[in-house]
Every structure is written in C-alpha cells, then in structure tokens.
Amino acid sequence: MKEEQTHKISRREFIRYGSCGAMGIGSLVNVIAQLQLINSATASTLDIGSDYKALVCVFLSGGCDMNNVLIPVNGNEQAYRYLDQRGYVSIPNGVVHNNYNAKGANETILLNPRPALNQPFGLHPSLQNLANMFNSKNAAFLANVGTLGEPTNPSNYGGVSLPRQLFSHSDQQTEWMSSIADQPFRSGWGARVADLFNDTWNPNSPSSMLITASGTNKFLTGSPAVSQYAVSTRGATSLFGYQKSGDSYGKALNGNGNYLDTREGQRLKAFERIMAYSHSNIIEDSYATVVRRARETEGYIIEANNSQPNGFDLDGIFKSFRATSGLAEEFKTIARLIAGRRALGNTRQIFFVQAGGYDTHQDMKADLQGVLRNLDNCIGAFNQSMVELDRVDRDFSYDSVTSFQASDFNRTWTANGGVGESAGTDHAWGSHAFVYGGAVKGGKIYGEFPELAVGGLVAIPGDNRGRWIPTTAVDQYAAILARWFGVPPGSTEMDIIFPNLSRFANPFTSETNLDFLDTTT
Amino acid sequence: MHALKKNLKRFVTIAVVLSLVIAIGFLIGKSFSTKQTTSSSKEYSKAHSVQPVEPGKSDNYNTSSLTSSLGSRVPASDNLDKRITRYTDGTVDYHPSIDKSRMLYQTEKLPRADITIVSEIIADYRKLFETNPFGSENREITAGLLGKNPKNVIFLDVNHVDLSPEGELLDRWGSPFRFHPLTSSLMEVSSLGADRVLWTSDDLNIDLSEEADL
Chain A
1 MKEEQTHKIS RREFIRYGSC GAMGIGSLVN VIAQLQLINS ATASTLDIGS DYKALVCVFL
61 SGGCDMNNVL IPVNGNEQAY RYLDQRGYVS IPNGVVHNNY NAKGANETIL LNPRPALNQP
121 FGLHPSLQNL ANMFNSKNAA FLANVGTLGE PTNPSNYGGV SLPRQLFSHS DQQTEWMSSI
181 ADQPFRSGWG ARVADLFNDT WNPNSPSSML ITASGTNKFL TGSPAVSQYA VSTRGATSLF
241 GYQKSGDSYG KALNGNGNYL DTREGQRLKA FERIMAYSHS NIIEDSYATV VRRARETEGY
301 IIEANNSQPN GFDLDGIFKS FRATSGLAEE FKTIARLIAG RRALGNTRQI FFVQAGGYDT
361 HQDMKADLQG VLRNLDNCIG AFNQSMVELD RVDRDFSYDS VTSFQASDFN RTWTANGGVG
421 ESAGTDHAWG SHAFVYGGAV KGGKIYGEFP ELAVGGLVAI PGDNRGRWIP TTAVDQYAAI
481 LARWFGVPPG STEMDIIFPN LSRFANPFTS ETNLDFLDTT T
Chain B
522 MHALKKNLKR FVTIAVVLSL VIAIGFLIGK SFSTKQTTSS SKEYSKAHSV QPVEPGKSDN
582 YNTSSLTSSL GSRVPASDNL DKRITRYTDG TVDYHPSIDK SRMLYQTEKL PRADITIVSE
642 IIADYRKLFE TNPFGSENRE ITAGLLGKNP KNVIFLDVNH VDLSPEGELL DRWGSPFRFH
702 PLTSSLMEVS SLGADRVLWT SDDLNIDLSE EADL
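Just so you know, the sequences run in chain order A and B.
Residues 1 to 521 (the numbering used here) make up the first sequence, in order.
Residues 522 to 735 (the numbering used here) make up the second sequence, in order.
Any given hint could turn out to be false.
To be verified - Chain B regions said to be covered by chain A (calculated; three or more residues, Cβ under 8 angstroms):
hint, region
1, 651-658
2, 698-708
3, 713-720
What the hints assert, rightly or not - Only some residues are given here: those of chain A computed to face chain B with a beta carbon under 7 angstroms:
hint, residue
4, G418
5, S422
6, N506
Stated by the list, open to error - Far from chain A, by Cβ distances over 12 angstroms, these chain B residues were calculated:
hint, residue
7, P596
8, N600
9, K621
10, Y626
11, K630
12, R633
13, E641
14, K648
15, D678
16, V679
17, D683
18, S730
Quick caveat, the hints were computed from the structure, so don't treat them as lab data.
The beta-carbon is built from N, C-alpha and C at its ideal position, and this holds for glycine as well.
Please work from the sequences and hints to get the whole structure.
As structure tokens, this is what we get:
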C-alpha cells in the first residue's frame, strides 16, 4: 500500500513537473534519473568567473490586486478617493472617511521618500520586507503596466487592436509571459532570450539556462534547443517509486550508480535502455533526446545543490524570515542553485517561480493579506540570501540577480457586490509591478502613475469599475530587463525577442521613465 | 425562301443558345445566391445602420442602445438556413441560442437551470467565434450576446430576457449574472441567488476552476 502511494502522481503534479511540457512530453521524461551520471564526472564544477547574471520571474497567478499593494496615503491627492471608491476593500491610509476610516487610521507601511509625483505612498501592511527593500533603494515599482497590442488610450480605445481575450486569466498570463499580446502564443520572452543568446553566454554549459521551480510555464517555453528544466523543492525532480530512506533511487541503484538486483532496479534499467534507443521517428527521437538532457541536467542540479559556499546558511536565513511555505521552498531552491551556479556552468540563468491565490473575487482583504504575507516572507528571505551570498562568495555580486514580478492583470478599482469582509474585486487590466535586487535603482515608482478614479484619465471609456488602460506595455518592461541581462538595445535580437516593441515609445529613453535598472552593474 | 428558312433556322439557333445561357446563368446565380445576397446584405448593412463590431470596440452598453433597433428589423430575403434569420440591417438572429434564452426564468425548473442555459448560450457564441464574448463585466458579455460582435449575431430574445438599464443580463431575482472568464474557452457563470447578495450561501454557480487548471 505504501509503495503504491509512492507511485501516485496527480494529473496536476504530472503537468507541473513536466519540464518537457512544451513538447507535450510528460513529467516522467524530466524526472528520470541515472545515478551513473550523477556520481560521475558531471559532478565537477565549471569556471564561470564573476560574470554572472540571473533573472528571477516571480509570477502571481490569479491577478494580484496591486491597487491594494501600492496605496496613496494621507497627503496624497488621491488618498481620499482611494477610500471613497474602493470602499469595503480599502486599507486605512491615514485619511478620515466617515464610512471606511472614521478614525483616520493608517495601516500602510510608508514608503520613504515620496517615490512619485512628489506624493506619499504606502505599501500593503503585509509587505514589510518589500517596503524595507524599497526604502533602502533595492526595490522599485513600475506603475500601470500591462498587456498591449499597440499604444492604447481612452481616445483611441475602440480603434486599436486590444490584447487577445483581455480579462481572461489564462490568456493574460500567456500574454504577460510571451509579451506578444495580439498574437497566438508561440514562445515566452524568457525562452526567446535563451534561444538567441545561450550559445554566446553559456558556450560550455552542460545544463539548461532555463530553470523553473514551479513547474512548466510559458515564460520559459521556446524552441527545443533550450528547454526549461523543472526542479522540485528538493532540487532535482526524481522519479517516483525508487526512493528509499531519503535516497531518491535507493531501491534501484547502489552507491556506485549500478543497478540493484531488485524489482525497482530492473524496472529502471529497462526504462533507461528503452530511452537510449535512437528513433527514426522525429517525435520519438526528440523525446529520447529530452530524456537524455534531463538525465544530465538532473546530475548538475544535484551537484549545484550540494555545492554551497561555506558560511551560507540558507535554511537559517529563510527561517529567520518565517519563510517556511511551499513557495518559500521554491525560492530557496532558486537561491541554492544560484549559490551552486558553478556546477550548472551558466553565466546567465533565468528562473521562474509562481505563486497562486490572487484571484480575490471574494474576501479580498483577508485573502490578499495572507498571500502577500507569504510572498513578502519569501522575497525578503530570498533577497537576504543574495546579500549573504555576496558576503561569503567573492565571485558573486548582489547586483547580479534581479527579480521581477508579474501577474495576470490588476483588479477593479471598485469592489464587487460583496458586503463588508466578503467583498472582492474583479478582473481589470493595467497593473503595478515591483522589481528588486542590487541592480535596481530603487526607491522610486517608474512609468506613469495613473489617476485612480472611475472615469479617470486612463480608465476604459464608459467603464464603471475602474480598469486602467496600461500606460506601459509588458514589452517595454521586459525590454528593460532584457537589456540589463545583456540583450543590446536596438539590436536585431531585441527586435526578435520583442517584435512589438517598436510600436511603443522607446523604453531606453528618459521620456518613458523606465530606467529602473543600472546597466553598468 | 431558302434564305428565309436559313435565317429563321439561324434565329432559332441563336434564341436557343441565348435561352440556354440565360438558364445556366440563372442556375449559377441561384447556386451562389447565398454568397451574393450575404455580401449584398453586408453592403446594405455598411450603407445603413448596424456595423460589425469588433469585441471591446464600443463603450456604449446601455440597454436602449442595444435593443432599440431590434424590434423594427426587416428580414432579408435569403434566409435559407433555418437556424438563423438575417435582417436587412445586417444583424443575424441565431435561433438555437435565442430559443434557449426563452427557457430562462421558468419557475417550475430549479434556478440552477438558468446558469446552465446562460453557459450554453456562451458556448454557442464560442462555436461561432471560437472565443468567449469580449469582457469580464456583465454588460460587456451581454452586449456581445446582443449583437456587438464581429458578425452582429444575436443570441438572446430581448423580448424575453430581463435586462437592467445598464445593459446587464439579469437572473430570475433581478440581479446581474456574474461572469468569470477563466480561459478563452471557459467562462464561469454565477447568480447572487434569492437574497440578491453576493458571496452568500445561496449563490449559484458551476465551478470550472479545476477544469481551467490555472
């Protein structure tokens, strides 16, 4: 019975850990392991020097209500309207309002100094660590960013093409990840960066440049040449059914990586022999190729996990930030792989982590408080781990890792029909996003902060819920990140990665106010 | 005499050939009449009132603007497909959905049946347009079902369904249905229930979140 349970894998898990999902290949391909490789020469580390950069995409699925993350507070000309129009879902911001904040309490965490338009803002009370990063100039916000097919404003709304299936969860997630809002999905922009630059940046790398801690995703889906690799919170994702006493393949392989004469050993041996065949059918052959790559990468992942610098107490850091959730383990896995990056052999690495629970149609205040607190603990711990790594690893710089946040969309400015605590908010459009890391020119709100009002300057015409038309396109936001990562601005590669970028104002000029990353780092 | 005979024969031959040409032309014209009259309907539409509307390209969602012209429409002459009725203003009634909409609010049926009916009408929309109606707010979805779509197709019987002054499709208790677009092919529909208050125990919905696998 117990053994049966170890073989069980839910459909969701199957898809989640299927790093080969882009090719329609399930998780077993990804997770098959061969300890002969793991225990052999692959375990050596590679010299990647100090030229290292990593991008970490933090995707909040469900559509995070960023109107309650970045809040106008007392002294801000939009602060009263925030209470008045958000009503039940508003957070006391220091302004007196007879219905929603009679005592004028302020529960937000003040951002200091005034980060935009010379107006004061506060953060959601669950985001103390993000506020600390912002106030120490290691985090910044980008205001009112979202999916756009072409420049859109209230005047031309109705006359320009809109993002496909605007307001639908999966479509908007897809378009944030692809950056191409007016076309069917073909690839994520992270994968396109890898497709074009992996050979340049990681010429001798034995492992994938694209690693996801949250299962297969579209951001890292591209050509089969650089396929994403899914890691679990234990590091490399191992095949179910072979584990024994903490050893992922203890029932099938001995310490030298040879097959044991057990049922599990015979089964693993048979499977791996089948996978070693060459195939005339290109799909079968691709399948086998991916299997072999997955085997190899698993070995390097394990080695990276085991190659932690002396004095780098990752568990202690995460514990001190109360980051103990499943999401925290995913962040920790990424931090561990960055610390053990020499084993992976990549000078550029893109990571992906995803958190759910943001589709807050109901009980928004309570639910958002919970998910944001968890997120805040995680990003605080992750950020501190990068600071600590900078201290203990002379080849590593805190400036070399930039994390950026994204979500399906923002949520409506006004609450839905729920009364009191049950009220929630619905799907909207333009949102705010935060970035953090040593290269971030922090302490500022970039882009154009919107007028927060039903019928306001950037509201959808005729809309009565308060849905902002984005003033910055995902393409522009992502292009700034890509430039920092090493994609030359104005290059053919930049145009290939972001084919719609030229439709929008040049993000690399000061007029767009998007210069949130220091490219000299 | 011989010349007269010859001319007469020539005349008859020409007349027969001309008749044949006219007959063949008529037959060809008949066989393509759907296509031709469709395009003439489009031209008529272009020249007159209703224009095909791209999803999301109108902010005018109030009920009167959506329904005022629907009562005075004139059927076009080319209604060969029994499932639809084309009108000279370019609108098209899609009867399978309109018939379903007439099943709404039947007190002898459980209220949940209304959720199913609206879901099925949205599924009909997807069959025609391969995507959900544009938007997430009730009045956007309702506008899509009342002809604000690329082919001006109408899916609801405006003489039967209840609409709010803002153009929202109402449930049997007079509250707007709620729509939750999960994917381009999945849309959750819910009702506030008899108490007309959102997020209470009598709310009605069909949860599709697992199916969406988000």
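Tested hints:
By the rule of at least three residues with a Cβ nearer than 8 angstroms to a Cβ of chain A, the coverage given for the region 651-658 of chain B holds, with 6 such residues. Counting residues of the region 698-708 of chain B whose beta-carbon sits less than 8 angstroms from any beta-carbon of chain A gives 6, enough to reach three: the coverage restraint holds. With a cut-off of 8 angstroms between beta carbons, the region 713-720 of chain B has 4 residues touching chain A; three or more are needed, and the interface restraint holds. Below 7 angstroms, beta-carbon pairs count as interface contacts, and G418 (chain A) has one with chain B at about 4 angstroms; its hint therefore holds.
Given hint, S422 (chain A) at the interface with chain B, holds; its Cβ is 4 angstroms from that chain's nearest Cβ, closer than 7 angstroms. Annotation: N506 (chain A) was flagged as interfacial toward chain B, and the flag is violated, the nearest CB pair being 27 angstroms apart, outside 7 angstroms. Every beta carbon of chain A lies more than 12 angstroms from that of P596 (chain B), the smallest distance being close to 30 angstroms; the non-interface claim holds. Even its closest Cβ contact with chain A, about 31 angstroms, leaves N600 (chain B) beyond 12 angstroms, as expected for a residue assigned away from the interface.
Residue placement check: K621 (chain B) keeps its beta carbon more than 12 angstroms from all beta carbons of chain A (closest about 23 angstroms). Y626 (chain B), annotated as away from the interface, keeps every beta carbon of chain A farther than 12 angstroms; the closest lies near 20 angstroms. Remark: the non-interface label on K630 (chain B) is consistent with the geometry, its nearest Cβ contact in chain A lying 25 angstroms away (cut-off 12 angstroms). Even its closest Cβ contact with chain A, about 19 angstroms, leaves R633 (chain B) beyond 12 angstroms, as expected for a residue assigned away from the interface.
Annotated as non-interface, E641 (chain B) keeps its C-beta farther than 12 angstroms from every C-beta of chain A; the closest such distance is 19 angstroms. Listed as a non-interface residue, K648 (chain B) keeps its Cβ farther than 12 angstroms from every Cβ of chain A; the least gap is roughly 16 angstroms. Taking the minimum C-beta to C-beta distance to chain A, about 25 angstroms, the non-interface status of D678 (chain B) holds against the 12 angstroms cut. Distance to chain A confirms V679 (chain B) as a non-interface residue, since its nearest Cβ pair spans about 21 angstroms, more than 12 angstroms.
In this structure D683 (chain B) is separated from chain A by more than 12 angstroms, as the shortest Cβ-Cβ distance comes to about 17 angstroms. With 12 angstroms as the threshold on Cβ separation, the claim that S730 (chain B) sits away from chain A is violated: the shortest Cβ distance comes to roughly 8 angstroms.
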